[in-house]
Amino acid sequence: MKYLIRFITQTAAGGVEQNDRIVDAPAITLGRATDQVLQLKDKRARLQHARIEAARDGATLTSNVRSGVTVNGRSQSEATLQVGDVIEIGENVIKVIAAPPDVAFAISFELSPDASSDHVVAEWSAPNDSVAGWSKRRIAWTLAAVVLLVALVLPGLSMLPGGVASVTRDSALLIDDGYWLAGPVHNAHSSIADQCEACHVDAFQRVPDEACASCHTVDVHVASSDATVLGTTRCASCHLEHNEPPELVNQHQGLCADCHNDLPDNVPLQPAADFLDAHPDFKLSLLLPSENDVGEIEWQTEHMRLADARTADRSNLKFDHSVHLVEDGIITPDGKRVVECAECHVAEPGGIGMLPVSMDEHCSGCHTLAFDPDDPSRTVPHGDSASVVQALVEYYSARLLGSDPDAVDQRVRRPGQRLTRADRDRAAAEAREQALIVAEDLFERRACVTCHEVSRNENDTDLPWSVVPVRLTQKFYPHASFSHAAHDTEVTSCDSCHSASSSESAHDVLIPDIATCRDCHGSAVARRNDSDQTASTCIMCHGFHFEAKGEHGVTPTMRP
Amino acid sequence: MHESILAFRKRRYLWVALGVIGASFVAYWIHDPQEPPNGGTWLGYTLGVVGAGLIVWLTWFGVRKRRYASTAGTVQGWLSAHVYLGMALVVVSLLHSGFQYGWNVHTLALVLMLVVVISGAYGVFVYLKYPQRISENRGGVSNSELLMQLEDLDKRSVRAARDLPPEYAEFVDSGIRRTQLGATLWQRLRNDDQSRIVLPGGDPAGVTNAGQEAALDWLAEKQSTASDPDVAAKIGELSALLRNKRRLMKQLAVDLKLQASLEIWLFVHVPMTAALLVALFAHILVVFLYW
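If you read the sequences in order, they're chains A and B.
All residue numbers for the first sequence refer to this note's numbering, where the first residue is 51 and numbers rise by one.
All residue numbers for the second sequence refer to this note's numbering, where the first residue is 345 and numbers rise by one.
Simulated from the structure, these hints should not be mistaken for laboratory data.
Take these hints with a grain of salt, some might be off.
[Unchecked claim] Here are the simulated DSSO-like pairs of lysine-lysine, each with C-alpha atoms no more than 30 Å apart in a straight line:
{"hint": "1", "chain 1": "B", "residue 1": "409", "chain 2": "A", "residue 2": "186"}
{"hint": "2", "chain 1": "A", "residue 1": "93", "chain 2": "B", "residue 2": "594"}
{"hint": "3", "chain 1": "A", "residue 1": "386", "chain 2": "A", "residue 2": "368"}
{"hint": "4", "chain 1": "A", "residue 1": "145", "chain 2": "A", "residue 2": "186"}
{"hint": "5", "chain 1": "A", "residue 1": "52", "chain 2": "B", "residue 2": "566"}
{"hint": "6", "chain 1": "B", "residue 1": "354", "chain 2": "B", "residue 2": "499"}
{"hint": "7", "chain 1": "A", "residue 1": "52", "chain 2": "A", "residue 2": "145"}
{"hint": "8", "chain 1": "B", "residue 1": "499", "chain 2": "A", "residue 2": "186"}
{"hint": "9", "chain 1": "B", "residue 1": "578", "chain 2": "A", "residue 2": "145"}
{"hint": "10", "chain 1": "A", "residue 1": "52", "chain 2": "A", "residue 2": "93"}
{"hint": "11", "chain 1": "B", "residue 1": "594", "chain 2": "B", "residue 2": "566"}
{"hint": "12", "chain 1": "B", "residue 1": "578", "chain 2": "B", "residue 2": "473"}
{"hint": "13", "chain 1": "B", "residue 1": "594", "chain 2": "A", "residue 2": "186"}
{"hint": "14", "chain 1": "B", "residue 1": "499", "chain 2": "B", "residue 2": "409"}
{"hint": "15", "chain 1": "B", "residue 1": "473", "chain 2": "A", "residue 2": "93"}
{"hint": "16", "chain 1": "A", "residue 1": "333", "chain 2": "A", "residue 2": "386"}
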């Protein structure tokens, strides 16, 4: 399609100069861009402002610019053009003129004075104060508004009453107040992780203890906050959320050491500030027997320094670890073999402490309570002395009186003949005599005396023997939380802490002292430690809140 | 004697900034909070107050530099302090955060702060380096003189074309009218020559004429086929003028690019500062809203 463009220029002399140009193009494009057929040097014109396309039935002007193009004084985005129409784009005036016979359509274009060739560079060389039409100020206000919306307004909607939060928090698209989280929520709180108001009860108020108490039973921790060493300290002062790594239990040394490094005079405790070199020696809680007024043995827990307690285990048991742990092994019913510690000392489920050692489970395999070499499966019960004698008496009575089908020395008598009373008395006396002989052997020579202290009272003919009661201390350090499972490592064995294989007496306390712990556990301040020591804070072994102990719970006198 | 903003008063504010940085590091090293380091410990609050104060003060530079009557220090001194304390702000903020980050409004403020400081550091770089590069490129001539040279070349081209057939005048005219360098900031930065030219008998929308290539090629072809030696000589003259224009355009393009570099970073630095102030407000408000 051929178009004619007539350029009209005002000459300096005041005349008019015109210059016709025939272009062969699908349409006349008008705009500020350099690739337009009719380039408009006017900032009000868009890069591609409008387009004039001629067809057989006339020419049409179209424009995608919102403000449109002024045709004959009217703003339009589409217009059919007639000869004589005037098109205005900014300062530019374009007139539709009669087309000569060989072109489809013709326009005249008057170059505005400031769009002449002399001034073309002015547009592109001028300093730029915008990027894509956006001034710094406009970008700044827009960005500020976006940040305000995203950071404050949208998340803030979750605080509105009327269940708005349930909508925003459930929606994957809407920003909720989770965007305000200062850090991760601990796993323990995952069920209320998105309910900020569960803990943050009142705006601009710290998390109150009541918020914790709505789920947690506070009396296992601190019975009454105003009667404790904690004073006005809140739960959340120590149990801090939203940190990385997530850690609700305060492990810090200062939690204990801030007070315990310098305790007031009325507190009967030695100062403790650091495990490496400012910790008192361990004190054992040891069960010790004492006789009361009627000669019975009572067990009392006594606290004593480990150094003083070395030969003081008074369980009343006789036991030689070294005999059991000889390297070549010992003779057992299964043959000769090496005995492992774990055969008797079995960890509790969870691996914290050890289950009690019992005669039935751990000793009786070797130390049988059999009493009759002809009948090794027969044993006396392990328990009180009276039961032992009773069992023996019953055994021999049955043998003599015949109710035992296996008895070998039943008195021969005529079938149908019943025992006379005299026979019975004689047999009973005989059985008792036999039982006491065997009992003496068991108590004083073969069985009981191996492990127990046995005393004999000649005045008591019925039951001359008594075994001194035994109680084993189950928890030597009740204030320390020690886990055997946590210490079961590649480099440790039972022997690392318990020198059992050299212990010959049950009086030996085989519990390690602080020096043994310090082989691996050092100061809370890592740089003070040797390379093979791990930084250890008080909370590693000690609890802060003692249940029903009054330590940091209910004793008002603790307040310095 | 010119004194760089960095060297202002024997680097007085460098020492102030190093003092702030050093004090922050020492405090962070000594500080042993009962929780992982974060903005909520006493040091966290302290660094937070210092950081927020720095941000407000650094932003105030935008006000101070427009107060020509102000006697509160010189603008040069303010700028020197602005640069050095802006760097110190990064350390203060990172230590304030305790290196805990997440997809949240708090980290948003930190990231915006980093964007502002990094764009500012780029600004310092271009302000120190580019003025020299600009004058080297201009070769002792001002920008307006370069444009006058261009205008002069264009006028001479128009005159040279008058002695040639009318299509040459149209050719030259369209080449001048469609000469364009960096109309937008992006095009200036990209060193983009958007010039076009309508070749006689060619596409009425013109062809690209970056570096006057299309024009020179067309003239070379015309020159080789011209039978009249006079015409060939005139065409040669026109070519020489366009080759000069090409050299000048390259010089101008570099000039525009360097000048745009001096401006563009402020389009990040200033708007991001506005966004940062809002994010900072949100950060502080939210921290105490859900205390």
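So which hints don't hold here, by number, going up?
4, 6, 8, 9, 12, 14, 15 and 16
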